[in-house]
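Protein chains: 2
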Amino acid sequence: MKTWHGYTGKILDVDLTSATLSETELDRTVAKNYMGGKGFGARILYDQLAPHCDPLSPENILVFATGPLTGTLAPSSGRFEVCTKSPATGLWLDANCGGFFGPELKFAGYDMVIVRGKAASPVMLVIEDNRFELKPAGDLWGIDTITTHRQIKDTLGKEFRVACIGEAGEKGVVFAGIISEYRALGRGGAGAVMGSKNLKAIAVRGTRSIAIHAPDHFMTTCREAFNELANNPDTGGGRQKYGTNLILSLMDETGIHPVRNFQKGKFAGASQVNEDAIEKYYVRNKACFGCPIYCSKIAEVKEGKYKGSFTEGPEYENVWAFGANCENVDIAAIIQAEYLCDYYGLDGISTGNVIGFLMECVEKGALSETDMGFPMNFGNDESIIQAVHLIGQCKGPGKLWGQGVKKMGERIKETRHFAMHVKGLELPAYDPRGSTGMALAYATSDRGGCHLRSWPIGDELLATEDRMDLSSIEFKAELVKTQQDLFCMVNCSGMCLFATFAVSLKQITPFLHSATGIEAFGSSDEVMKIGERVNNLVRLFNIREGLTKDLDTLPKRFFSEPLKEGPCPDRVVELDQLKAEYYLVRGWDSDGIPTDERMQKLAI
Amino acid sequence: MKTWHGYTGKILDVDLTSATLSETELDRTVAKNYMGGKGFGARILYDQLAPHCDPLSPENILVFATGPLTGTLAPSSGRFEVCTKSPATGLWLDANCGGFFGPELKFAGYDMVIVRGKAASPVMLVIEDNRFELKPAGDLWGIDTITTHRQIKDTLGKEFRVACIGEAGEKGVVFAGIISEYRALGRGGAGAVMGSKNLKAIAVRGTRSIAIHAPDHFMTTCREAFNELANNPDTGGGRQKYGTNLILSLMDETGIHPVRNFQKGKFAGASQVNEDAIEKYYVRNKACFGCPIYCSKIAEVKEGKYKGSFTEGPEYENVWAFGANCENVDIAAIIQAEYLCDYYGLDGISTGNVIGFLMECVEKGALSETDMGFPMNFGNDESIIQAVHLIGQCKGPGKLWGQGVKKMGERIKETRHFAMHVKGLELPAYDPRGSTGMALAYATSDRGGCHLRSWPIGDELLATEDRMDLSSIEFKAELVKTQQDLFCMVNCSGMCLFATFAVSLKQITPFLHSATGIEAFGSSDEVMKIGERVNNLVRLFNIREGLTKDLDTLPKRFFSEPLKEGPCPDRVVELDQLKAEYYLVRGWDSDGIPTDERMQKLAI
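First to last, the sequence lines map onto chains A and B. Heads up: the first sequence runs through residues 1 to 604, numbered per this note's numbering. Heads up: the second sequence runs through residues 605 to 1208, numbered per this note's numbering.
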């Protein structure tokens, strides 16, 4: 049998209903055509998931997938993905996570874990060097993720890496995430899917090495990449100092930093909650597996009412979600909110959106203090914290809130037009009225309102040469399409997107090729084609689940309410031409359906 | 023929007198017993250098040596050494340097370059992938190092890595360094030796890979080390943010931050020249080859009289030398002084010491403004800059100053007792009256007043557990001996000493073993023995050159003038017992001469 390089060649397939665990072989053609991560998940879900199944039913499938670079010495290659059908959108979901869990899974001998069915009672999956078993986890049910990590490590050993859910996932909050050592598979509700299966946690420990096809070439590529990363002003400078908050002031100055649930694009309190103010709370850096960027920070609150609170972060998106979006200037409260999101296992972006939406509901009179049980006004840090508790515990009004702003907009009278989501997934921290690129990125993202399928703002604001115009639509369709395919491929590979700020596509292919020995991975064109192939397969999946071109859209606010102040006043989003151009460059018909010709070209 | 792993197995031997260049083979026994770097240099100089030769005569030998990890993917392994007989001390000299030159030399196919003799007129040595030649360099003679780098890269290609001298080296300043892309083989005058040989520069370019004996094991070791480095509060935190200035405030608070040419131990101006103040001048990070620490900073002066000045740094030692040591609080002037040291090719520590000494000479009336030609009072930033120019150009009184404080103390009346040097090498930024460890470290360093043979202050001040008492002499002999052997071994390996803040000896041996396949390198005991072997061979070299136990001492000031203020008042150094214990643990007799027994044990 031919040896695998880069890959372990093994899959762990777990049926929780029958408590059957089996080891299967990775298919070489699938590896060659779909690479890993999201690609593997897309092939499995498209082929094996019953169409139109309830995301929180036993029928849904959870795929934990690494890529060929995960756990290798290629810099910033500690990532893995979870793929499933999202309870937030009813469509495709993949979420990506750093830390140490993905590499450990490969060291244990698996490229992937597929989880099906539903356990009769709470269980955890324990994997240790090609041995695996389900263990009862009733004593962990109802327990927060931080304690869950500690108890598992106390029992099994601290070398075990853990991914688990908290109360939010157990109780079906549609934006519950899976938490792995203070990092998260955050968006779209994979935690709720895991909870619906009675799977509290996965613990993994491995001691094997990953065979590399051409070690000399691989190491030469590594050394070049390490030097690029170290001497790049972003990955070897600003991102280290400020973490993801690096861009905060720039976004605010550009007027695309959403404030008051996207009612404004520039935050009056920005100087109190900018990257320099947040840096004062950092007590140390933290790095994911094999990463020289160290973008992660540990922040701690040392005084005041949130004293003792800490978080790995706070990340830019959460700083915004619990900060500008709620007009809150208390950084300590932001840290406490992010801490609670970890504690309960919640996605910070969606949680902050729900709270911003509630605040606008109260502002507009659609809800009153009586409905809530406590004040819920913009700028009130204590309201934020109280709301996170209710959502995390699914308690009282928190039950509805935990269903996300889409459902809230449908249930709470006259609020639909300011429910800030795309396809059911709440929006991140960039106002699309100030960036035609982000407008298209949000509208066409496969998992809904997301900034990580493509990030055109990078080329619109941060590029050192050939910077694109924020307000023009020229070349934005091409940019978004290319980025979506590139980012998808990077997510398939196991490398972190942040590494690509310094390491170009031409430097990634030698990694993939020398690690795996797969000839096609040595070609930029071929690996980009894999990204495009995966994105098209996901599109077919979404169409099968009911996606139509009408859902490739944005919240009404962006079409009808111009920003009143800041550098992009009086602009609303005009999406039609952008979308038409995008479908065209994608090779999709005018209904957004992949043409046979494109399918053939991509060999799907 | 057996393949080399880790090593290239080739030496380039250059006789400048006859313009003969030849490629020779590395001896496997030498590799096994002396590892590389300083070890190779020690063996060559001990075996081949004519005893008592004039360091600036054609007889002296310059050895540029890499280690088995240099240029590999082991983190922070971009280092190489130059070994020669020092014109400052007349004794052993090795100087260590990061950047990219050492790795490039290995990529070109050489572990070492040995330079002998003297060219008839200025030349440069050009090496490109196992091809080599001497080229006339008359047009570069007299040119500063920055322009020299640029002109060589313009001519040969910017991929070439360069090490060169400036005017100071050409003119025989005994503390002239060799500069490689803003980093330096700084201490002890290797630049003057290079100048005495009419060798202006070495330019090297290589594209070969370094074969690794056990790539899987090597890469597993790398990934663990990268994680250690990234998540360590020093190498993945403070050192990144502040560079080497990380420790500045701590040293000052401890009262061992020398001020006014070692007249005080605490700087009144510390708040103006501390790590936070310096950080404001940083414009970006810079990393050496394959290093995730990024301790290097680029600082720039953006306003005032030194506007436009820049440096890779300023490093802690230079901040002290041109700052506290001269009672100067102008950071811009410090940056300008460090810039000029690079420009002329000067060692910053020695240059700053010379200026501090001159300032005390004027203070004490041993010199007057008329002798100097300009004011030379403590705190005067313009005096500092003017003096660096005179030293760099060897002009007027700068001719004597360029001979170092030892010679100045002998020539200038009644100043010998405050000439702050050991064995002719000026002292770095730790006052030994506040640290018994540093007292012994300075007194027993093989190249004179140096903090890089051992750094006991680390265990006295920074250790998180089992911290040692600064004023006690207990276990200091053992500590200094162990550190000297460890640091020596690390310098032989090609790894940076800074990596050892996070990567322990037990983690270094797997690198050495898996890279080279040399069995003994897998044992901590064996590699420590190599460090000890090299240090003892160097001791024999020094004894042959005239070293006696009486020279294992410190400037008189430390024995007779207690520090008046700060946390260590009224203390002077008592060296006798420390030294006796040190000789004992070294296995040397009471005259500091290695015993036959120890020599046999070390198989020298």
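In short, the hints are calculated from the structure, not lab data. Ideal placement from N, C-alpha and C gives every residue a C-beta, glycine not left out. Any given hint could be a false lead.
Below, simulated DSS-like cross-link-like pairs (lysine-lysine); rule was C-alpha separation at most 25 angstroms, straight line [to be verified]: (1) B:K1160 - B:K1011; (2) A:K579 - A:K529; (3) A:K280 - A:K302; (4) A:K158 - B:K1011; (5) A:K280 - A:K305; (6) B:K868 - B:K1160; (7) B:K1205 - A:K506; (8) B:K884 - A:K280; (9) A:K564 - A:K549.
Computed Cβ-Cβ distance ranges for the label pairs, DEER-style [what the hints assert, rightly or not]: (10) A:T29 - B:E763: 34 to 42 angstroms; (11) A:R467 - B:R812: 36 to 44 angstroms; (12) B:S626 - A:E519: 24 to 32 angstroms; (13) A:P567 - B:K884: 58 to 66 angstroms.
A quick look at each hint next to the structure:
For a cut-off of 25 angstroms, the pair hint linking B:K1160 to B:K1011 stands: about 15 angstroms separates their Cα positions. For the suggested pair A:K579 and A:K529, the alpha carbons sit about 21 angstroms apart, so the restraint of at most 25 angstroms is met. At roughly 11 angstroms between alpha-carbon atoms, A:K280 and A:K302 fall within 25 angstroms of each other, so this suggested pair holds. For the proposed pair A:K158 and B:K1011, the alpha carbon gap of about 60 angstroms is over 25 angstroms, so the pair is violated.
Taking the CA atoms of A:K280 and A:K305, the gap is about 17 angstroms. The hint holds against a cut of 25 angstroms. With a CA separation close to 15 angstroms, the supplied pair B:K868 and B:K1160 stays within the 25 angstroms bound. At roughly 53 angstroms between alpha-carbon atoms, B:K1205 and A:K506 are farther apart than 25 angstroms, so this suggested pair is violated. Proximity of B:K884 to A:K280 is assessed by CA-CA distance (about 15 angstroms); at most 25 angstroms being required, the pair is judged to hold.
Simply put, A:K564 and A:K549 have alpha-carbon atoms about 30 angstroms apart, too far for the 25 angstroms limit, and the pair is violated. For the hinted restraint 34 to 42 angstroms between A:T29 and B:E763, the CB-CB distance of approximately 40 angstroms keeps it satisfied. Taking the beta carbon of each, A:R467 and B:R812 are about 39 angstroms apart, inside 36 to 44 angstroms as hinted. For the pair B:S626 and A:E519, the beta carbons lie near 43 angstroms from each other, so the given range of 24 to 32 angstroms is not met.
The supplied range of 58 to 66 angstroms is broken by A:P567 and B:K884, whose beta-carbon atoms lie about 28 angstroms from each other.
Hint compliance for this structure: hints 4, 7, 9, 12, 13 are not met, and every other hint is.
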